[in-house]
Amino acid sequence: MKAFTVHSGIVLPIDRSHVDTDQIIPKQFLKSIKRSGFQDNLFDSWRYLEEGHPEQNANERRINPDFVLNKPRFAGASILLSRENFGCGSSREHAVWALSEYGICCLLAPSFADIFFSNCVKNGLLPITLDASLIDRLFELVHHQEGFSLTVNLPDQCILLPENEGSIAFEVDPFHKDCLIKGLNEIELTLTYADAIRAYETRQKQLTPWLFADLDPKS
Amino acid sequence: MPKTLYDKLWESHLVAHREDGAALIYIDRHLLHEVTSPQAFSGLKEAGLQPWRVSPNIATPDHNVPTVKRELGIQGIEDEISRIQVKTLDDNCRKFAIPEFTLEDIRQGIVHIVGPEQGATLPGMTVVCGDSHTSTHGAFAALAQGIGTSEVEHVLATQCLLQKKAKNMAVQVDGSLNTGVFSKDLILAIIRQIGTDGGTGHVIEYRGEAIRNLSMEARMTVCNMAIESGARAGMMAFDQTTFDYLQGRPYAPKKEEWESALDVWQDLASDDGSVFDAQCSIDAGDIRPQISWGTSPEMVVDVEERIPDPKQSGSSADLHTRALDYMGLEPGQPITSVYLDRVFIGSCTNARIEDLRIAAKVVKGRKKAKNIRQAMVVPGSGLVKQQAEEEGLHSIFLDAGFEWRAPGCSMCLAMNADKLGNRERCASTSNRNFEGRQGYGGRTHLVSPAMAAMAAVVGHFADVRELLQ
Ligand code: SF4
Chain A
1 MKAFTVHSGI VLPIDRSHVD TDQIIPKQFL KSIKRSGFQD NLFDSWRYLE EGHPEQNANE
61 RRINPDFVLN KPRFAGASIL LSRENFGCGS SREHAVWALS EYGICCLLAP SFADIFFSNC
121 VKNGLLPITL DASLIDRLFE LVHHQEGFSL TVNLPDQCIL LPENEGSIAF EVDPFHKDCL
181 IKGLNEIELT LTYADAIRAY ETRQKQLTPW LFADLDPKS
Chain B
220 MPKTLYDKLW ESHLVAHRED GAALIYIDRH LLHEVTSPQA FSGLKEAGLQ PWRVSPNIAT
280 PDHNVPTVKR ELGIQGIEDE ISRIQVKTLD DNCRKFAIPE FTLEDIRQGI VHIVGPEQGA
340 TLPGMTVVCG DSHTSTHGAF AALAQGIGTS EVEHVLATQC LLQKKAKNMA VQVDGSLNTG
400 VFSKDLILAI IRQIGTDGGT GHVIEYRGEA IRNLSMEARM TVCNMAIESG ARAGMMAFDQ
460 TTFDYLQGRP YAPKKEEWES ALDVWQDLAS DDGSVFDAQC SIDAGDIRPQ ISWGTSPEMV
520 VDVEERIPDP KQSGSSADLH TRALDYMGLE PGQPITSVYL DRVFIGSCTN ARIEDLRIAA
580 KVVKGRKKAK NIRQAMVVPG SGLVKQQAEE EGLHSIFLDA GFEWRAPGCS MCLAMNADKL
640 GNRERCASTS NRNFEGRQGY GGRTHLVSPA MAAMAAVVGH FADVRELLQ
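Residue numbers (the numbering used here), protein chains in the order written: chain A, 1 to 219; chain B, 220 to 688.
Errors might be hidden in some of the hints.
Covered stretches of chain B, as calculated for chain A (at least 3 residues, CB under 8 Å) [as the list claims (entries may be wrong)]:
#, segment
1, 229-239
2, 244-255
3, 290-303
4, 338-344
5, 378-389
6, 498-512
7, 628-640
A partial selection of chain B residues facing chain A, derived with a Cβ cut-off under 10 Å [unchecked claim]:
#, residue
8, P270
9, S274
10, V371
11, P469
12, Y470
13, W477
14, R651
15, G658
Just so you know, the hints here were simulated from the structure itself, not pulled from any lab data. Computed from a predicted model, the values in this text were never measured in an experiment. For every residue, glycine included, the Cβ atom is placed at its ideal position computed from N, Cα and C.
Construct the entire structure; sequences and hints are all you get.
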């Protein structure tokens, strides 16, 4: 997994609450068996003026000039700012892959949906939960300043505002922090507990043997 | 100290506790489907790993499968990209010896219908699947959670999940549901009350008299939509209803094991005096048939109500206006004045035998209204389909001008050929009314199977209680 320590970038404001994963990446793109190739379809139905299909050439599509992602002032943005319950709905990790491939490294919102949040952390994206009033203030700042950028410092747990406008402290789960900073591979980490897992299985097999039965596909 | 059902399930699956607060919990059952598993299997292969254990896994294709021409098997999938995805699941299951109910198998169906139907979901289990509606299985007093693809790979490789314990939330439902009001109305009313993020960070236990009186099918409908209120999982205590449903299921324990399982299962309820971090309560007797009007499952009205005015929704006014605009509705319009183009009866929320029975009861002897372009019934599994046909339900639907399809997710998410056209309006028994969920520009209204069937025969929303009383 790619590590996250300090990141600076332009802020992309998605001023909506309850942005669901069906909007982040619509279902027709989930037919892919690959983990990449989703960035052109991030926010597909908001970003283009007609329905999208897999294997289309994005350059030939009509873009929606009103959608923030298509505004030149937000080109190259890497920090996404949004409203409450971001990432609700489906568990599709494709939503995180699409964001990450597009170049988003960090997300700021008053709240995130659980599964989406965990998918982010597992892909090296940092979701930061901030008070709604702070989020309001950031929207304001983005609105008024072209090229508004932030610096997110994970080890210090703070977000630096431009032009000495101060900084914002944020909370992060210590386990998530560690995983992100080190870019840890969770499978490798869990396999360091292999003995504990085996011991659990041995114990549990005595207590609830039916949970260890083989499923005979023919039965 | 008294423990909640979630506390008990969590503790009995704890493998290790880390100092930073994260824990390793053991996973008993892992359900797989074609959409969220291919990248996980690739990851496993790239890392040169084998599944930790094979027997907890069971797979079936559902999201992407056609609901016609099933006799052709995988060749019946016209869309090449979809066919490759289903074939990839077949290949991966074969390679790793994971049991799979393939397209040709009568047991194939929506993963959340198949698991319980086979007895592959049992009380006291931890159940995961790369699908948010895994919460369905919590109806069996199980800890059932939807996970992303990285976690699918993690579970395959380690049989564990790394996570932090969520908080406990109780949703207390007293009283009993009136005739013509169903568990789908109940869960929509709950989501309307607590909001789509009311359960975030929590595991919800649905409890109370009204819950105890629900059948297993109806309980599954409630737990299915726990995720729509943001909860990590939804669950209900084990009782006689759970027991009766499971007895004799193919993968349920047999003989002495069944007896010892019962001893363990009896304890799967929250202890008296358990403390919950959050609570809410609702009286089932107050609930009327529910219909969603907007683009979020909390945007719901009673059948007797009018479409709400954004002016009354305070800080959500913008969201509300946008939803009305997308849905092509006017504030103040009675919901019963809304005419439909299509009706979809299906999905992991409402495609079990009971759902089809009640829809058939409403439809019987009637015809699909002229303005309804299509009314589609998609059973949740091959076995549900077979059972319905034995009971003659399919003839009732066919006589009324409905379509009778083969099992799968179908128009719940429109990944196959079953979808709404731009601006088409649908009464749907599924669980999500997000923009474009059932097709680009499509407009979804979430309802119970009875209300969907009623809309199909009347042409617009109407109160099914008038017909069922
Ligand atoms: S029926 Fe719908 S909600 Fe259920 S698993 Fe399929 S796509 Fe998901």
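Evaluation of the provided hints:
1. 229-239: Satisfied; 4 residues make the cut.
2. 244-255: holds (count 4)
3. 290-303: holds (count 4)
4. 338-344: Coverage by chain A holds for the segment 338-344 of chain B (4 residues, Cβ < 8 Å).
5. 378-389: Since 6 is at least three, the answer is holds.
6. 498-512: Coverage by chain A is violated for the segment 498-512 of chain B (0 residues, Cβ < 8 Å).
7. 628-640: holds (count 3)
8. P270: violated, 12 Å
9. S274: holds, 5 Å
10. V371: With a minimum Cβ separation of about 9 Å from chain A (threshold 10 Å), the hint on V371 (chain B) holds.
11. P469: holds, 5 Å
12. Y470: Where the cut-off is 10 Å and the nearest Cβ of chain A is about 6 Å from Y470 (chain B), the hint holds.
13. W477: holds, 8 Å
14. R651: holds, 6 Å
15. G658: holds, 9 Å
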